[in-house]
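Trainee: Numbered by this note's numbering, the letters in the sequence shown go through residues 163 to 546 in order.
Don't read these hints as lab results, they were simulated from the structure.
Just so you know, not all the hints are guaranteed correct.
Below, in silico cross-link-like pairs of lysine-lysine (DSSO-like), each with a Cα-Cα straight-line distance of 30 Å or less [as the list claims (entries may be wrong)]:
(1) K342 / K434
(2) K342 / K441
(3) K208 / K467
(4) K294 / K441
Simulated DEER-style distance windows between Cβ atoms [what the hints assert, rightly or not]:
(5) R448 / R375: 14 to 22 Å
(6) S387 / S355: 56 to 64 Å
(7) I486 / V407: 54 to 62 Å
(8) N435 / I251: 42 to 50 Å
(9) I251 / K404: 22 to 30 Å
(10) R380 / E413: 20 to 28 Å
As the structure is a computational prediction, the values presented were derived from the model and not from experiment.
In this text, a Cβ means the ideal position worked out from N, Cα and C, and glycines have one as well.
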Amino acid sequence: MEIRIDGDEVLKLASSLVKIPSENPPGNECDLADFLESKMREIGFKVSRYDFKPGRPNIIGELGSGREGRLIYDGHLDTVPAGNPDLWIERDPFSGRIIDGKLYGRGSADMKASIAAFLSAAEAVADEIEGKILVFLVSDEEVSGMGTNDILSRGYRADMAVVGEPTGLDVMIAHKGGVKWRLLTFGRSAHSSSPERGINAIYQMAEACLEIRRLSERLRMRRNSLLDHPSISLNTIKGGEKDNVVPSLCEASIDRRLVLGENVEDAESELKNILEGIKRRDKEFRYRLERYRYVPPSMTSPDAKIVRVMREAVKEVMGVEPKISGFTATCEMVHLVNHGIQTVIFGPGRIEQAHEINEYADVSEIVRAAEIYAHLILKASRRE
Numbered sequence: 163m164e165i166r167i168d169g170d171e172v173l174k175l176a177s178s179l180v181k182i183p184s185e186n187p188p189g190n191e192c193d194l195a196d197f198l199e200s201k202m203r204e205i206g207f208k209v210s211r212y213d214f215k216p217g218r219p220n221i222i223g224e225l226g227s228g229r230e231g232r233l234i235y236d237g238h239l240d241t242v243p244a245g246n247p248d249l250w251i252e253r254d255p256f257s258g259r260i261i262d263g264k265l266y267g268r269g270s271a272d273m274k275a276s277i278a279a280f281l282s283a284a285e286a287v288a289d290e291i292e293g294k295i296l297v298f299l300v301s302d303e304e305v306s307g308m309g310t311n312d313i314l315s316r317g318y319r320a321d322m323a324v325v326g327e328p329t330g331l332d333v334m335i336a337h338k339g340g341v342k343w344r345l346l347t348f349g350r351s352a353h354s355s356s357p358e359r360g361i362n363a364i365y366q367m368a369e370a371c372l373e374i375r376r377l378s379e380r381l382r383m384r385r386n387s388l389l390d391h392p393s394i395s396l397n398t399i400k401g402g403e404k405d406n407v408v409p410s411l412c413e414a415s416i417d418r419r420l421v422l423g424e425n426v427e428d429a430e431s432e433l434k435n436i437l438e439g440i441k442r443r444d445k446e447f448r449y450r451l452e453r454y455r456y457v458p459p460s461m462t463s464p465d466a467k468i469v470r471v472m473r474e475a476v477k478e479v480m481g482v483e484p485k486i487s488g489f490t491a492t493c494e495m496v497h498l499v500n501h502g503i504q505t506v507i508f509g510p511g512r513i514e515q516a517h518e519i520n521e522y523a524d525v526s527e528i529v530r531a532a533e534i535y536a537h538l539i540l541k542a543s544r545r546e
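Throw the hints in and build the complete structure from the sequences for me.
Mentor: Okay, here's the thing in structure tokens:
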């Protein structure tokens with residue numbers, strides 16, 4: 163059947179979503195949830211909404227005449243913080259402006275353009291859906307990443323799922339895992355006029371930083387066919403009490419990304435071995451390593467039905483076979499796979515743009531994504 167998608171309306175919706183800030187932290191998704199709840203009801207969705215944490219809404223939409231869930235679309239409401247507005251085009255991270263074929267604004271690629279594309283697709287084929295499709299729009303993905311798991315714990319299910327993260331319209335069947343640690347180094351305070359009387363915790367951390375950088379270089383040599391390579395990055399650091407006191411404490415956050423076949427125990431052991439090596443060389447080196455988040459990598463078989471129908475949908479719109487690859491970040495796919503739901507990742511925009519200043523998504527990809535999602539909905543909702 164011919165599917166009619168109004169590209170201007172898709173872009174208008176995507177722009178409207180970008181204009182509603184939903185930065186996390188602090189976690190202010192409520193205004194965006196209000197807007198989307200209203201839009202989904204307008205399309206014809208049966209909508210349920212609840213707070214899985216105080217003030218953190220999850221939305222579940224159901225569309226179609228059947229009782230069985232055939233397809234889940236999973237998206238997140240929150241974005242990372244916008245950063246310094248002065249660095250953005252027109253000094254506005256939430257402009258939602260289209261300039262030279264690009265939709266700009268925080269969350270444009272990650273992942274408000276995708277949400278707009280899928281809802282537009284659902285509206286276009288609503289009368290043709292067999293069975294039922296579900297839309298999960300979750301809060302706090304950028305911090306806890308537990309919104310989807312909470313919905314699934316309430317019994318919502320479907321045969322297959324698509325997570326709308328930015329893939330540049332490639333079909334992605336796997337994603338990296340991630341583990342985050344807090345590293346603390348301990349020194350001894352002293353007056354900075356006599357630093358030799360103290361132990362400088364920042365110097366201790368500097369030793370750890372250099373070793374972590376060397377580990378990062380080694381990890382780049384461990385290639386993975388779907389997920390490129392594992393990585394480690396030291397992303398925040400703070401220390402010191404006053405500008406004339408030798409610091410007794412320094413704290414850093416470390417982000418380690420895991421490829422298929424790696425596990426958190428081995429990754430943590432590798433990091434601890436490095437820190438223990440510093441301790442053997444420097445008897446004054448004291449540290450504590452605290453793990454505060456872990457998401458394992460996951461994968462869907464390339465032979466799964468969701469991969470087949472996703473590929474068919476892309477080919478029908480684009481005229482070529484899509485690239486099959488892996489997503490180099492973590493995402494909500496892991497929760498769906500853990501509940502036995504075959505899942506792919508697919509959406510407009512590119513992961514390289516996510517979290518960047520002047521984040522954008524190409525408007526041509528956004529409209530094409532809506533067309534592809536519409537074909538996917540029809541293919542996935544048919545019982546074979």
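Trainee: With reference to the structure, classify each hint as holding or not holding.
Mentor: Outcome of the hint check:
no.	hint	in the structure
1	K342 / K434	14 Å, holds
2	K342 / K441	22 Å, holds
3	K208 / K467	26 Å, holds
4	K294 / K441	58 Å, violated
5	R448 / R375: 14 to 22 Å	21 Å, holds
6	S387 / S355: 56 to 64 Å	57 Å, holds
7	I486 / V407: 54 to 62 Å	56 Å, holds
8	N435 / I251: 42 to 50 Å	45 Å, holds
9	I251 / K404: 22 to 30 Å	39 Å, violated
10	R380 / E413: 20 to 28 Å	25 Å, holds
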